[in-house]
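Generate coordinates for the entire structure from the input sequences, incorporating the hints supplied.
Quick note, the sequences are listed as chains D and H, same order. Under the numbering used here, the residue at position 194 of the first sequence is numbered 194, and the numbers go up by one with no gaps. Under the numbering used here, the residue at position 180 of the second sequence is numbered 180, and the numbers go up by one with no gaps.
In short, the hints are calculated from the structure, not lab data. Treat the numbers as computed from the prediction; the structure is a model and nothing was measured. C-beta atoms are modelled at their ideal positions from N, C-alpha and C, and glycine is treated no differently. Don't take every hint at face value.
Short derived list, chain H residues pointing at chain D, Cβ under 7 Å [claimed, not checked]:
no.	residue
1	G57
2	E62
3	L67
4	E76
5	I78
6	R82
7	N86
8	I99
9	L101
10	H103
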Amino acid sequence: MTHKLILQGNDAVALGAVKAGLRFFAGYPITPASEILHKLVEFPEVKVLQMEDEIASINACVGASLAGAKAMTATSGPGFSLMQEGIGLAHMVEAPLVVVNVQRVGPSTGMPTFGSQGDLLQCRYGSHGDYFSIVFYPNSVSELYRYTMEAMNAAEESLSPVILLSDGIIGHLSETAELEDVTIKERSLKPLGHGNRHFTSLTHTGSYPKATAPSAHQELIAGLAKKTADVARRYVRYEYLPVKGSHTLLIAFGAVSRAAYHFKDHFSIFRPVRIFPMIEDLKEIARRYKTVIVMEMNAGQYTLLVEALLHRPVGFIPLLGGAINLEYIKERIKKCLSGTT
Amino acid sequence: MSVRNYLRPERLPTYWCPGCGDGLVITSMAEVFEELHCDEKNTVLVSGIGCAARAPGYFTLESVHGLHGRAVPIAEGIKIVRPELNVVIISGDGDLLGIGLNHLIHASRRDTDIKVICIDNQIYGMTGGQKSPTTALGVKTLTSPEGNTDRPVDCQALIKAHNSFYARATTFHLPLLKKAIRAAMEHRGFAMVDVRSQCPVNYGRRLGYRNAYEMLMHFKQHYKPVKGVVDRLAHDEIGITSENPKSQIQNPNSA
Chain D
1 MTHKLILQGN DAVALGAVKA GLRFFAGYPI TPASEILHKL VEFPEVKVLQ MEDEIASINA
61 CVGASLAGAK AMTATSGPGF SLMQEGIGLA HMVEAPLVVV NVQRVGPSTG MPTFGSQGDL
121 LQCRYGSHGD YFSIVFYPNS VSELYRYTME AMNAAEESLS PVILLSDGII GHLSETAELE
181 DVTIKERSLK PLGHGNRHFT SLTHTGSYPK ATAPSAHQEL IAGLAKKTAD VARRYVRYEY
241 LPVKGSHTLL IAFGAVSRAA YHFKDHFSIF RPVRIFPMIE DLKEIARRYK TVIVMEMNAG
301 QYTLLVEALL HRPVGFIPLL GGAINLEYIK ERIKKCLSGT T
Chain H
1 MSVRNYLRPE RLPTYWCPGC GDGLVITSMA EVFEELHCDE KNTVLVSGIG CAARAPGYFT
61 LESVHGLHGR AVPIAEGIKI VRPELNVVII SGDGDLLGIG LNHLIHASRR DTDIKVICID
121 NQIYGMTGGQ KSPTTALGVK TLTSPEGNTD RPVDCQALIK AHNSFYARAT TFHLPLLKKA
181 IRAAMEHRGF AMVDVRSQCP VNYGRRLGYR NAYEMLMHFK QHYKPVKGVV DRLAHDEIGI
241 TSENPKSQIQ NPNSA
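What follows is the structure, encoded as structure tokens:
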């Protein structure tokens with residue numbers, strides 16, 4: 001069933017989470033993500049904890065998840081940095097949960113009320129060691145609702161922390177949203193109190209720590225990699241808008257992709273929604289274009305990974321300080337096309 | 001279940017050094033668990049990182065061995081979702097009173113019904129013997145070669161500030177240790193048992209103790225068990241403190 005209403009992006013995340021069966025939320029107030037916390041306290045079926053910090057929040061989510069509840073936390077850049085070790089823990093003990101990051105301009109306190117896309121590499125590589133988070137980045141209020149549910153589903157399927165990226169622009173955007181439901185995946189992991197399991201942050205085989213066995217670690221990491229890759233294959237989510245005769249592919253996501261739509265009559269557009277692991281189809285799609293240009297609100301984070309994926313140089317339009325200016329984008333596209341970036 | 005059934009013999013010998021106090025504490029815990037009919041369906045153990053934090057892995061009960069300093073929020077998440085479970089933390093002084101002190105104070109403020117057993121050996125044992133937040137003044141460690149100048153954390157004052165349950169015991173006074181763990185388990189609300197324990201290898205050795213026995217004898221001479229339940233324990237006393245009525249907590253903003 002679908003119904004339409006005017007909704008704010010952050011509220012849509014809260015509603016999607018409740019729809020997907022959220023039972024536990026722990027968070028710490030932070031601009032521009034606080035509305036998710038505000039909205040969730042309205043739902044009696046969700047146990048909401050306002051913790052002392054984001055470190056406590058992510059760890060409480062790990063505990064709640066292992067205890068059997070679908071769990072989520074929401075934050076912005078500074079809090080996301082504090083959560084990195086906990087995200088690694090959730091991968092290690094295979095606790096399904098969702099971390100929402102409504103990005104703002106960083107580093108440090110930066111520009112708290114301005115949106116940004118500066119946490120892409122932090123999503124992928126922020127915690128120490130090798131791990132493989134599935135990350136979604138929607139670009140509208142309707143999509144925030146839908147992909148919160150998809151993120152919670154992917155977490156349940158992969159028994160891992162899944163990251164839902166948003167930004168201060170779409171998080172605080174109010175627009176007409178179509179709330180379309182998806183099939184909800186139920187919990188497969190037995191909750192605590194059903195056996196003799198020992199969930200450990202050490203390298204382990206089953207319930208046994210193997211902190212000095214290289215082969216145990218190699219197996220563990222290979223297992224985590226395969227598990228998340230298998231689940232990610234069920235979530236190949238992207239938008240591709242080809243234009244006949246265009247030799248240029250614009251890559252954008254989140255708030256910036258909405259600006260990219262202004263150029264959709266002249267240039268083809270590729271918008272990854274499951275931004276990690278990266279969409280493999282992009283390799284094939286990019287082959288059709290002479291020029292590939294990534295526009296993003298950071299100093300070139302996704303560009304770096306697109307270049308690595310495609311094994312070719314790509315153009316880059318940095319949008320810094322929270323500003324998305326169409327004239328500036330036009331200029332930069334021209335420069336990219338004339339080869340003088 | 002007998003006491004033996006709470007422990008995993010296949011994991012022996014433990015990871016701990018000879019003479020370590022951790023084994024005495026987990027034995028006392030297992031004895032209390034048996035008395036209270038705790039089993040894998042109603043009791044979950046949680047720990048952070050450090051020597052003491054390895055304890056849950058030796059129990060047959062389900063357990064979570066999390067991050068350094070973060071046992072308390074993990075336990076809170078479990079307890080909020082599953083109030084019927086006994087959630088017991090066992091970790092060390094560096095973990096609970098150093099890196100994780102923030103969480104401990106807030107959990108006691110929230111009066112979350114979790115039990116915290118802190119094995120306090122006054123040293124970072126696992127990492128080689130650096131001063132810990134409970135190392136006494138003047139004590140020489142790897143990182144305080146001239147003697148420690150930082151005052152030790154007053155754990156009792158922090159926990160009692162929110163009128164939560166606090167008991168102190170040592171690894172020498174085992175009947176009292178058992179009594180304290182049992183009282184904590186039976187208390188409804190946040191409860192903390194502060195267990196003074198010995199680290200003969202990375203603490204005692206550098207202070208002239210020749211073995212664990214000498215350290216236990218020091219506990220015997222230094223710590224005086226109090227009779228009954230007292231309001232507050234002096235620094236050299238061990239025992240159980242009273243729970244003050246929660247109504248004593250005043251809202252400073254109330255009219």
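Quick rundown of the hints versus the structure:
The beta carbon of H/G57 is positioned within 7 Å of a beta carbon in chain D (closest approach about 5 Å), and the interface hint is therefore held. Look at H/E62: its Cβ gets to within about 5 Å of chain D, closer than 7 Å, so that hint holds up. Annotation: H/L67 was flagged as interfacial toward chain D, and the flag holds, the nearest CB pair being 5 Å apart, inside 7 Å. Interface hint at H/E76: satisfied, since its Cβ lies 5 Å from the closest Cβ of chain D, which is below the 7 Å cut-off.
At about 4 Å, the closest approach between the beta carbon of H/I78 and any beta carbon in chain D falls short of 7 Å, and the interface hint on this residue holds. Hint status for H/R82 relative to chain D: holds, with the closest Cβ pair at about 5 Å, below 7 Å. Interface hint status for H/N86: violated, as the beta-carbon distance to the closest one in chain D is roughly 10 Å, over 7 Å. For H/I99, the shortest C-beta to C-beta distance to chain D is roughly 10 Å, which exceeds 7 Å, and the interface hint is violated.
Because the smallest distance between the Cβ of H/L101 and any Cβ of chain D comes to about 11 Å, over 7 Å, the interface hint for this residue is violated. Interface hint status for H/H103: upheld, as the beta-carbon distance to the closest one in chain D is roughly 5 Å, under 7 Å.
Going through the hint list in order, the structure does not satisfy hints 7, 8, 9.
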